[in-house]
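There are 2 protein chains.
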Amino acid sequence: MSERIWTAALVVIGDEILSGRTQDKNVAQIAAWLNVQGIRLAEVRVVPDVEAAIVEAVNALRARNDYLFTTGGIGPTHDDITVDAIAAALGVGVVHHPKAVAVLERYYATRGGTTEARLRMARVPDGADLIENRVSGAPGIRIGNIFIMAGVPHITAGMLDALTGTLEGGQPVVSRTIGCWVAESEVAQLLGDTERAHEGVAIGSYPFFREGRTGANFVVRSPDAALVDATIADLTARLEADGRTVVSDGI
Amino acid sequence: MSERIWTAALVVIGDEILSGRTQDKNVAQIAAWLNVQGIRLAEVRVVPDVEAAIVEAVNALRARNDYLFTTGGIGPTHDDITVDAIAAALGVGVVHHPKAVAVLERYYATRGGTTEARLRMARVPDGADLIENRVSGAPGIRIGNIFIMAGVPHITAGMLDALTGTLEGGQPVVSRTIGCWVAESEVAQLLGDTERAHEGVAIGSYPFFREGRTGANFVVRSPDAALVDATIADLTARLEADGRTVVSDGI
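Chains A and B, in that order, are what the protein sequence lines are. So the first sequence is numbered by UniProt numbering: it starts at 1 and just counts up by one. So the second sequence is numbered by UniProt numbering: it starts at 1 and just counts up by one.
Excised from the complex, chain A in its bound form:
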């Protein structure tokens, strides 16, 4: 494939992830969504609620990827510093976005009205646009190639939904999986040979232990669906010739 590959990076912002208190769900959710847009998640960094750490990660990753997503730190409380950190990274000021103010005034009209804390959620790096939040009041933010999303996964899901189809991308990566009740070490040579025989695919091997037995799933990935199908057929034939029983679609 000589087609241009579009990449994105993700910066997960939050002490709650680094302390182990909260299990991140945004990496998997954003990765899967990006792939449908034809964009590959190339790298992820998890950083604490510390401005210098956010600035470093944002500046390193926005320069070398087509898109940069962040999650977390856009609420109304003192530990929500993402907007200030990204403004600092870009060297711009922070302003109240008039449309975000209007959104929050409408949202809080029946919820006790706006307060200074609530209007913090209308603050954006100067020059930013908004990303619709279909779940709760406060919008996401887009500035340049940076997309600033919520930390709460179902709010992030709504923001991704609002962005669907709006980002330029390439061919989505197609993946197909087959499985075997086998120790991956018994078929390691065969897997490597198969990958080498089909230029442009990547074969991943993912071992597991279940019901007291050893097995592995083999995932074939490429933007070229026909190549994935051909590789799956070849890998299946090689495994069967080696005396293995292959489970379609994985175990």
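No lab work stands behind these hints: they were computed from the structure. Just so it is clear, CB atoms sit at the ideal spot from N, CA and C, and this is done for glycine as well. Treat the hints with care, since some could be wrong.
Derived DEER-like restraints, expressed as beta-carbon distance ranges [claimed, not checked]:
no., chain 1, residue 1, chain 2, residue 2, range
1, B, 64, A, 144, 23 to 29 Å
2, A, 101, B, 171, 40 to 46 Å
3, A, 113, B, 161, 51 to 57 Å
4, B, 115, A, 166, 48 to 54 Å
5, A, 243, B, 36, 31 to 37 Å
6, B, 101, A, 237, 31 to 37 Å
Facing chain B, a subset of chain A residues (Cβ under 7 Å, in silico) [to be verified]:
no., residue
7, 38
8, 41
9, 45
10, 77
11, 79
12, 113
13, 117
14, 184
15, 188
Put chain B on the given structure of chain A with help from the hints.
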């Protein structure tokens, strides 16, 4: 607290995490384990199965943290390149570790014997020690301040268990949580004021939506347990004076 703070970083190696296929569980598991050792997880990077990406992350993070952990990519198949990448990052060769060979020969004695693929799991950067694997055959690897762990979470758990108490650390961070059925924006000012009144604590605010209601948990963290207790008492008093009902230990 003027005491030295010990930090660790984690590099999660694996296309399966970046593709969204697999939900990572090692970040939360390693973060919680590190805290018990008195070590803070300071940053995490997720990188693909690409040597240059692993080398860059390992070299950036090992230099500025006391410890560096990696997960993933130490199995027997062609996509397991962690050992080679870390050896390249350190500028050392790769050797078969005699004890690892012995471990694998014993483990596979009743499982079909060793093969070239299986003995790949005895390869280590030159100069490395082993980390006992109490779950399956292939050991983890320690070289300098780098700890190379499995990707499968329950195998990593066994390796962490083998390391428990062997790493130098400082005071573990103590955290206590209280919760309120309140929109965090209604108490944002109060939270910030409370944090500022207790130097050395961090207060995190984690909103949620459950049973159709809005709530938030407030997590107070510090290595100083008495300070955490005093802050929790003060925060509880301030919330109650503001007319809120406080749920001990969080919602």
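Practice problem: Run the structure past the numbered hints and jot down the numbers of the failing ones, going up. | Solution: 5, 7, 12
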